[in-house]
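Starting from the given sequences, assemble the full structure and let the hints guide the process.
Protein sequence lines, in the order shown, are assigned to chains C and E. Mapping the first sequence onto full-length UniProt numbering, position 465 (from 1) lands on 465, and the numbers just tick up by one. Mapping the second sequence onto full-length UniProt numbering, position 66 (from 1) lands on 66, and the numbers just tick up by one.
Just to be clear, a hint being listed does not mean it is correct.
Each pair may be met inside one copy or between any two copies, as identical chains are not told apart.
Below, computed lysine to any residue pairings styled on SDA-like, alpha-carbon distance capped at 25 Å [unchecked claim]:
1. Lys264 - Ala433
2. Lys264 - Thr296
3. Lys295 - Val312
4. Lys378 - Ala268
5. Lys354 - Glu441
6. Lys264 - Asp437
7. Lys430 - Thr170
8. Lys295 - Ser65
9. Lys430 - Phe380
10. Lys430 - Val265
11. Lys412 - Ala268
12. Lys264 - Phe422
13. Lys430 - Asp304
14. Lys430 - Asn159
15. Lys264 - Asp304
16. Lys386 - Pro275
17. Lys407 - Phe422
18. Lys378 - Asp368
19. Lys378 - Ala406
20. Lys412 - Pro401
21. Lys264 - Val432
For the record, the hints were derived by calculation from the structure and aren't laboratory data.
Protein chains: 2
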Amino acid sequence: MTIPESPQDWQTLASQKRAALTALIPPSWTLSPTLLDSLNPKGSALSIPASSGIFTARELLITTSYDATALLTGLQSRYLSAEEVVTAFCKRAAVAHQCVNCLTEIMFEEAIARAREVDKKREAGEEVGRLAGLPVSLKDSFNITGTKTTIGYVSYASNPPASADSALITLLRREGAIFYCKTNLPQTMMTADSHNNLFGRTLNPNNLSLTAGGSTGGEGALLRMCGSVLGIATDIAGSIRIPALCNGVAGFKPTAGRIPFAGKVPPARLGSPSPIAPVIGPLGRSIRDFELFMKTVIDAEPWDVDPNVLAVPWRKVEPVTRPLRFGLIRGHPKRPLHPPVARTLHTAAMSLKKAGHEMVLLDDRIPDLWECAVLAWKFFLLDPQKTPAKFVQASGEPWVPSITTAKFPELKGWEASLDELFDMNVERAKIVARYHDIVIENRLDAIIMPGNQSTAPPHDTYGVAPYTVLANLLNYPAGILPFLTANRRLDQPFMNQVVEYVPPYNPELFEGMPGAVQILGKPMKDEETIEILKVVESVLKKATEEPVKD
Amino acid sequence: MTIPESPQDWQTLASQKRAALTALIPPSWTLSPTLLDSLNPKGSALSIPASSGIFTARELLITTSYDATALLTGLQSRYLSAEEVVTAFCKRAAVAHQCVNCLTEIMFEEAIARAREVDKKREAGEEVGRLAGLPVSLKDSFNITGTKTTIGYVSYASNPPASADSALITLLRREGAIFYCKTNLPQTMMTADSHNNLFGRTLNPNNLSLTAGGSTGGEGALLRMCGSVLGIATDIAGSIRIPALCNGVAGFKPTAGRIPFAGKVPPARLGSPSPIAPVIGPLGRSIRDFELFMKTVIDAEPWDVDPNVLAVPWRKVEPVTRPLRFGLIRGHPKRPLHPPVARTLHTAAMSLKKAGHEMVLLDDRIPDLWECAVLAWKFFLLDPQKTPAKFVQASGEPWVPSITTAKFPELKGWEASLDELFDMNVERAKIVARYHDIVIENRLDAIIMPGNQSTAPPHDTYGVAPYTVLANLLNYPAGILPFLTANRRLDQPFMNQVVEYVPPYNPELFEGMPGAVQILGKPMKDEETIEILKVVESVLKKATEEPVKD
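Structural data, given as structure tokens:
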């Protein structure tokens, strides 16, 4: 890439970066202008890969019909070659990018070369690692040696490529994972629209006029386009789970301190005294893949590569065979659930009850959800230097529109102080203690709640994230499972005429959009949470196939 | 206790509190004035119990010849009764208190009644718990239902008795532990002299003119007088380890978050954003007792009673049979090791080498120890409201003298700010990362270093604690093992004529005072650290019996 004549010209920098990215897509993987033109800006892009003529039937099968665990079985048995698997996903990621603008860095060539090496090693009977040949996609904030990490700041575009891998990448690479692309995120990473001035906006594959969510939105959209089978995301307020629920894929945010965070590029100032730590977790197709991810990383003793990882082995826990007790949270009056979300949650709870599990209604017992979210947001606003603004201003780029919508009106003009930080910590401790008591007193195994009040809303209208940030404030592990889709006829009975839906509820617009439920487990009990998620996954799968009558 | 006529009269409040405490010692356990007068204010109190005529031979044996594990074996086999064990320790605690002023609350009657219950239950074949009949002493800051928790603030003297047990007490009680006294600590808990205006000053049983250390100094002195076999302490800068090394007993500070801290009375403002958390740990006679304590507490699933405990089971690890690799830290020029401390450390290192273990000298590779301590102290001074001063001023009591000595001159006039807190966290992260790298690169199992530059110094001269606070800053588990005693003849070769010893080195004064070494393990590897401490304990025991020639 050439250095632009004027470093002030952020538009030039950005267009050069985008052009360089597109140039890494082989011409034979380029969609025809006719096909691209056929994309309805208010419609879906999901059918494009199959109709593009670019994929073989086997490539379509490889990219759509397996989870990571099954792909690895195919690779281990040599029914599949790493080269064909990685090539198929590179191709599909390229096509996804042309439809929804989800990529930030492309490493297709290196990835396919690595895949060939894995195939050779396997053929020679050499040790290849637990994830050998598995294509893994990454949020842009991870460092990959030799690749840039701009995290969407135009001012970062002229930074040199990373000289070392992030700690997690080192571990996954050692196990044979193959990195082939990095994905888009929001300016500052603190909005739920994966939109920045360097790469532009990622669109939702289900409906291009709706948000792909954020901050790991590029990953969410790529997964939904089947351009990836396992994506690595991060979450401090919902950034794993929001793209999962917006796009209709699964996501898992572990307890903080279990997956190594070292060596990532931060969007804000280091050293925050906030008790809410960012967490890395997977986006994908199945809970067993999340277990594979967690177990593989933790078995690799990540505390040896990152001093902030808790030296706590992954425990083997038995699959759940007893009835589970779920606490049920149905929402907050400031953000009433849109009818499709209410129906999804209701149907999930009914299906779990039908399967023998118990529900304990928590709405009236929990600390005010909205106030919890306001408190969490205060922790995100501690930096007196407002460092993210400096990163933005350095290039002259403007703020993206969603920045102004992802704010609490309560915090307008609020400035943090060390004195108030003590009180905030006390307030948080009370909330944590209250949830702890509720869980213990009611012998709860998990909490089921919405991940958001709506499915993916129109661009720049997602706003704040009270339903996801709760698990960050509490440091509880949390998963999103996709379930059902918006259906105006079925959703109609869940319509409440007297509430104000924020963002507005528009049945036509949301028709067919994915639904989801959120499950919170107990802190440090990621192992048990994964088993509980497997139970819910199985119950919801059955409920999708044989709808419950209520 | 009656309410004093003027609540401003702190002296009256304090003398009433002390009189009420003394009144709980049965007359038959009171030392004769002749014996008390015979105590040399610059001499030892260690021989008093045996010469007091108050104890039977069996009581002397019970209080001196067992560790907690052995006592429990005796209790389980019914060779010992809980009643006689608890009575013996109550008696000895009473005598210790009369010599060194170590107690703050006395629960002898309730304790002996509980012991009788344990005996009855055991006789009836009922379940009695893992610690049934074991007397356990406590730092004053723990809450025991029905007993006051004043933590040495005169202003707390009129607080009502605790209405609930601290979380840890609940768990230990469930296992049959018997609480019989609470022990003295410093005003604010932030000095190394266990001296406050409510209870006065605890003296060092080895030499009454020297400090008993702090902040768990009452516990340290009680242990050394054999008035307890297992004491529960807390540590944020060395408060478990300083009394251990001052008095000559063993102590263990675990990793933060493993032992439940909930329901204690804090000496300062809640909600501090400091990354250095206070930690509970045991003082005692053997490492196997510390293992018993850790395993018993963690097996009781303390995360169910305290949301701040990490839900991480106690792991069974194998005893160490291979040669260990120790990093050796020999001190900092600002606080050169007194000759007895230098000789103790040198002899310990040589003994470990002789036993086949390896030493890697770290002095020139580590971040500046003094600067690390200054940083840690900044974290202790974050509260803009200076809450401990309010607790002191509330009663009109003055500051105790050691408060002024336990300060870094570098921090005179320093005021914390939220902005600087970010930078402090970054600085701490660098230090943590550097130690992590040193440990990994050198394949270290543990670090061996002094716990302080001197043995117990004269009252009010302990000053700051750079050698203990390091483990708090890093959140590494750390143990103190007593080893050797000051011996001017043997120490002489370790004398350095060109350094300035702080506090001054006075060979006559320190003669016979206990030595100690400090061992740091890896964070969250408390299980492995205990096994390493067992190895060191065994090597040092052998070295005491058969001195190494160097």
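These are the hints, each one checked on the structure:
In the homo-oligomer, the alpha carbons of Lys264 and Ala433 lie at most 25 Å apart only across protomers (15 Å), although the nearest pairing inside one protomer, at 32 Å, exceeds that limit. In the homo-oligomer, the alpha carbons of Lys264 and Thr296 lie at most 25 Å apart inside one protomer (20 Å), although the nearest pairing across protomers, at 39 Å, exceeds that limit. In this assembly of identical chains, Lys295 and Val312 lie within 25 Å of each other by CA distance both inside one copy and across copies; the values are 11 Å within and 16 Å between. In the homo-oligomer, the alpha carbons of Lys378 and Ala268 lie at most 25 Å apart both inside one protomer (15 Å) and across protomers (24 Å), since each shortest distance falls under that limit.
Taking the shortest Cα distances, Lys354 and Glu441 sit within 25 Å of each other inside one copy (24 Å), while across copies they are farther apart (55 Å). When the C-alpha separation of Lys264 and Asp437 is checked against a cutoff of 25 Å, the pair qualifies only between copies, where the shortest distance is 18 Å, while the shortest distance within a copy is 35 Å. For the identical chains of this complex, Lys430 and Thr170 are inter-copy neighbours only, at 20 Å across copies versus 38 Å inside a copy, given an alpha-carbon limit of 25 Å. In this assembly of identical chains, the alpha carbons of Lys295 and Ser65 lie at most 25 Å apart only when taken from the same copy (23 Å versus 47 Å across copies).
Taking CA atoms no more than 25 Å apart as the test, Lys430 paired with Phe380 passes in both settings, with 19 Å inside one copy and 22 Å between copies. Taking CA atoms no more than 25 Å apart as the test, Lys430 paired with Val265 passes between copies only; the shortest distance there is 16 Å, against 32 Å inside one copy. Taking the shortest alpha-carbon separations for Lys412 and Ala268, only the intra-copy value of 20 Å comes in at or below 25 Å, while the best inter-copy value is 32 Å. Taking the shortest Cα distances, Lys264 and Phe422 sit within 25 Å of each other only across copies (18 Å), while inside one copy they are farther apart (29 Å).
Taking CA atoms no more than 25 Å apart as the test, Lys430 paired with Asp304 passes between copies only; the shortest distance there is 16 Å, against 34 Å inside one copy. In this assembly of identical chains, Lys430 and Asn159 lie within 25 Å of each other by CA distance solely across copies; the values are 23 Å between and 43 Å within a copy. In this homomeric assembly, Lys264 and Asp304 come within 25 Å of each other (Cα to Cα) only inside a single copy, at 16 Å, whereas the closest approach across copies is 34 Å. With identical chains, the CA atoms of Lys386 and Pro275 are at most 25 Å apart both within one copy (18 Å) and between copies (22 Å).
Proximity of Lys407 and Phe422 under a CA criterion of 25 Å is satisfied in both settings, with 23 Å inside one chain copy and 23 Å between copies. Taking the closest pair of Cα atoms, Lys378 and Asp368 come within 25 Å of each other only inside a single copy of the chain (16 Å); across copies the shortest separation is 35 Å, beyond that limit. With identical chains, the CA atoms of Lys378 and Ala406 are at most 25 Å apart within one copy only, with a shortest distance of 13 Å there and 35 Å across copies. Taking CA atoms no more than 25 Å apart as the test, Lys412 paired with Pro401 passes inside one copy only; the shortest distance there is 17 Å, against 47 Å between copies.
Proximity of Lys264 and Val432 under a CA criterion of 25 Å is satisfied inter-copy only: 17 Å between copies versus 28 Å inside one chain copy.
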